[in-house]
Amino acid sequence: DTEVTQTPKHLVMGMTNKKSLKCEQHMGHRAMYWYKQKAKKPPELMFVYSYEKLSINESVPSRFSPECPNSSLLNLHLHALQPEDSALYLCASSRQVDGVSSYEQYFGPGTRLTVT
Amino acid sequence: AQSVAQPEDQVNVAEGNPLTVKCTYSVSGNPYLFWYVQYPNRGLQFLLKYITGDNLVKGSYGFEAEFNKSQTSFHLKKPSALVSDSALYFCAVRDPQRSGAGSYQLTFGKGTKLSVIP
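These protein sequence lines map, in sequence, to chains A and B. -1 is the number of the first residue of the first sequence in this note's numbering; add one for each residue after it. 4 is the number of the first residue of the second sequence in this note's numbering; add one for each residue after it.
No lab work stands behind these hints, which were simulated from the structure alone. Hints should not be assumed to be uniformly reliable.
Claimed, not checked - Straight-line Cα separation of at most 30 Å, DSS-like style, residue types lysine-lysine; simulated pairs: (1) B:K116 / A:K39; (2) B:K113 / B:K80; (3) B:K61 / A:K20; (4) B:K61 / B:K113; (5) B:K113 / A:K39; (6) A:K20 / B:K113; (7) B:K52 / A:K39; (8) B:K80 / A:K38; (9) A:K20 / B:K52; (10) A:K39 / B:K72; (11) B:K80 / A:K36; (12) A:K20 / B:K116; (13) B:K52 / A:K51; (14) B:K72 / B:K25.
Note that the structure is a prediction, hence the values are computed from the model and not measured.
All chains, please: the whole structure from these sequences, using the hints.
So this is what it looks like as structure tokens:
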């Protein structure tokens, strides 16, 4: 099973709302990632969790707040977003994240976020 | 810094013909190279990877890629294209010799839209 699930599939929120995106995998992967993808562009890395600890924060605004409650679950909490934050948010996981690992990342289907 | 170039925004090929999607890379050390495919409104799907060994790598759905160190290329190929292969294809690179967090970051190319014409 190489499935990463994401909920919800679509989300529309106002600029004053608070919402959360959820990602789950049951492959025993210990690295999990959040990416942002604009239409017809490559994914942009936002956060990396390794063994449930935040390893990378790619200078993402504080209105995005990641959380990794356990090794299978990854959340992205959203607050006071801007219309330019509208995008496809992708979650991914891989077996490990250390430098020599060749393990590929497996992506979820994404959450299509629209900020109004 | 590591980088990936996909020189073609779009590739059109007739069904049944061979297809090639081009990718060149730049890293300081030995690269880890990946191809992903993205269908409309979907996440990225892993196709294949090159880490070491045989320069010809076989992957999912009949795709293969050839690693060429002298040309720093990793082109994706398929002998006979299907209409269902129409999608957006991303090449990505990792440089495991980079220090710290940079060693496991994937750098993606801008993507190539493949259209297979019936």
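Quickly compare the C-alpha distance for B:K80 and A:K38 to 30 Å and report which way the hint goes.
-> holds (21 Å)
Straight-line Cα separation of B:K52 and A:K39 no greater than 30 Å?
-> holds (21 Å)
Do the alpha carbons of B:K52 and A:K51 lie within 30 Å of each other, as the hint requires?
-> holds (27 Å)
Given hint B:K80 paired with B:K113 - CA-CA distance at most 30 Å | holds (18 Å)
Restraint check for B:K61 with A:K20, where alpha carbons must lie at most 30 Å apart = violated (33 Å)
Starting from B:K113, check that the Cα of A:K39 is at most 30 Å away, please.
-> holds (6 Å)
Do the alpha carbons of A:K20 and B:K116 lie within 30 Å of each other, as the hint requires?
-> It holds: about 29 Å lies between the C-alpha atoms, which stays within 30 Å.
Mind checking the alpha carbons of B:K80 and A:K36 for me, to see if they're no more than 30 Å apart?
-> The given pair, whose Cα atoms are some 26 Å apart, holds under the 30 Å limit.
Straight-line Cα separation of A:K20 and B:K52 no greater than 30 Å?
-> At roughly 28 Å apart (the allowed maximum being 30 Å), B:K52 and A:K20 satisfy the hint.
30 Å Cα cutoff - pair B:K61, B:K113 | holds (23 Å)
When you check the alpha-carbon spacing of B:K72 and B:K25, does it fall within 30 Å?
-> Judged against 30 Å, a Cα distance of about 14 Å means the pair holds.
Are the Cα atoms of A:K20 and B:K113 separated by 30 Å or less?
-> Status holds; Cα separation ~27 Å.
Hint compliance for this structure: hint 3 alone is broken.
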